[in-house]
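Put together the whole structure using the sequences plus the hints.
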Amino acid sequence: MFLKFKDEVSSVLTKALTDAGLEADDLALDESPHADISSSVAFRLAPKFKKSPKQICEAIHKHVKILPDSYIDRAEATGPYINFFASRTYLNETVLRVLLDRENFGNLNNSGKVILEHTSANPDGPLHIGHIRNSVIGDTLARILKRAGYDVETQYYINDMGRQIAVVVWGLMNFKFDATKKKDHAIADVYIAANKTLVDEKEHSPEVDAIMKQYEIGDSDTKRKFKNAIDTAMEGIEQTQDRMNIHHDKFVWESQFVRTGDVKKMMDRVKKLENTMLKDGAFMVDLKEAGIEKPLVIQRSDGTSLYTTRDLAYHEWKATQCDRMIDILGADHKLISSQLKAVLRILGLREPEVVIFEFVSLPEGSMSTRRGVFISADELLDEVKKAAYSEVSKKRPETDEEFRQKVAEFVSIGAVRYDIVRVSPEKATTFDWAEAVDFEKQGSPFIQYAHARACSIIKNAKDEGITFEEFDAGVLLEDQETALIKKLAGFENAIDTAARELKPNLIAIYARELADAFNQFYRYVPVISAEPEFRASRLALVECSRIVLANALDTLGIVAPESM
RNA sequence: GGGCUCGUGGCUUAGCUUGGAUAUAGCGCCGGGCUUCUAACCCGGAUGUCGAGGGUUCGAAUCCCUCCGGGCCCGCCA
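Add 1062 to the 1-based position in the first sequence for the numbering used here, that's all there is to it.
Don't read these hints as lab results, they were simulated from the structure.
The structure displayed is predicted, hence computed values, not measured ones.
Hints may be right or wrong, so weigh each one.
Stated by the list, open to error - In silico BS3-like cross-links for lysine-lysine, where the CA-CA straight-line distance does not exceed 30 Å:
no.	residue 1	residue 2
1	1396	1380
2	1287	1327
3	1244	1285
4	1341	1312
5	1175	1468
6	1243	1327
7	1327	1208
Encoded structure:
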């Protein structure tokens, strides 16, 4: 609705400019506290036409022609600004559109296949609080892109050729696997113990090298051991992701590209490039022309491949089956991903769009699965759930155990997801327990609560036989009502911008603002006890709010509860 | 040392790509509101040299340069 409104403003303004004998390539449209949409185009035209912005603005304003039934009510010239205000038609049609489209309201009609790779943590232990920043950003983006109309496939790239997995395999052969623990945690125990031993007793190192070599040549017994180790770890990782409402459509094993010969083909192709040179028996690509000083090694002197080589083959393969590739990567991958992109570019292959997120560190420093220094996602979720449980017990003492458990679970998942997604990815953060278990106002519980309140009104209305089969959105004239409707109308714009700019935090902000608008409406505008001429329309607006709150929460992967 | 990136009230944070009207919001602090659809709510108040300095511009949190501080990276690891 907002996008159509903006289009109308854009064409009305373009026409007015032409009629005024002016011309601008950028209309400088913006949302503003002074209007629904505002244009500062007069500033840009002032020097060219040698008049003051105010004079230009008045000249443009004189030529603004608004058609009947437009989403624009009026335009005002306020100093150098031209302000556009939304019409009643816009508000009324927004209400009708929400009720018609329901769970699809806000969806856009982009098309094409997107492969979005996220998380891809090494299967050597549980997901920790840094990994789930990747998961939450990736999963939320996938949900945003789906709403934007894309056919999205999420992939988890399993790095099974790296030394760390060989260490896990070696560890499983030499240390006890604690079957009473959650499997990914038990794998981490083995991995940590194995690493410690490998540092203390250097003589075991060749054993790990041998395992790696056996795996690279495809020895069947070794392959079985790797599969067992990885499946075990992944089972636990997937349990954690399931709990967080995150799932992957496909799990792609790095080794697949070695086995199919794609990695070999890729190495041969890269070797033929002018930028590639042979040095001490290893092949490396010079990337100076891409602004990267360090040459990238694509084949070791013993002829084997490296992580980046296999990643090149993976991206080449991905490109054949989609229109857009998006990778969610931690800040430690900045250089490697720009090297990857540079080589793909030189080869004339499609480059991925990369979303980089900064590190989550602990007060004492950065995390490391290998050293056993990390806070697992499971541990975080459990602690937050405890805090949520005590909160619901305090706030709803009349409820039973089952209700409290259920609420504590969806509140804690929501709180963790929201807390991660609300901050823009390029911000480095330091984890703090006190902050993590604190139920910040206007976080996820705030939005879930607004949804529960809307459901409550709808339920009470139903009990009293109040319906909104017949209503007139035109009677929704209170400030809180029009503000709320405008907010509802903005959902598609939030999806559109978030999808174009790959910024999931925009949806977090939008959801909070919508809940805010609903809560103000709730406080000041009675529904069930309202006069009959308002009752049905207000109830319809509550239903609209419920729908869009649910859609926004769904986009964030957060449960929209009927009661809490 | 080099590259990338971040720096916004006591704390957390939006806005920066595409420069425009009083810089966003929350926590915390001070004060007010439940016989009224769930108070996990609402209303009001105090708190800012937008890291520092310079430049571009009619106009800079936003663009450019220098510096300071934090983070990440710089391996024939992944």
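Hint check:
Proposed proximity of residue 1396 and residue 1380 is supported: the alpha carbons are some 20 Å apart, at most 30 Å. Between the alpha carbons of residue 1287 and residue 1327 the distance comes to roughly 27 Å, so the proposed pair stays at or under 30 Å and holds. Restraint check for residue 1244 and residue 1285: the C-alpha separation of about 23 Å stays at or below 30 Å, so the hint holds. For the hint pairing residue 1341 with residue 1312, the CA-to-CA distance comes to about 38 Å; that exceeds 30 Å, so the pair is violated.
Annotation: proposed proximity of residue 1175 to residue 1468 is violated, straight-line Cα distance about 36 Å (limit 30 Å). For the proposed pair residue 1243 and residue 1327, the alpha carbon gap of about 42 Å is over 30 Å, so the pair is violated. At roughly 34 Å between alpha-carbon atoms, residue 1327 and residue 1208 are farther apart than 30 Å, so this suggested pair is violated.
In summary, the numbered hints that this structure violates are 4, 5, 6, 7.
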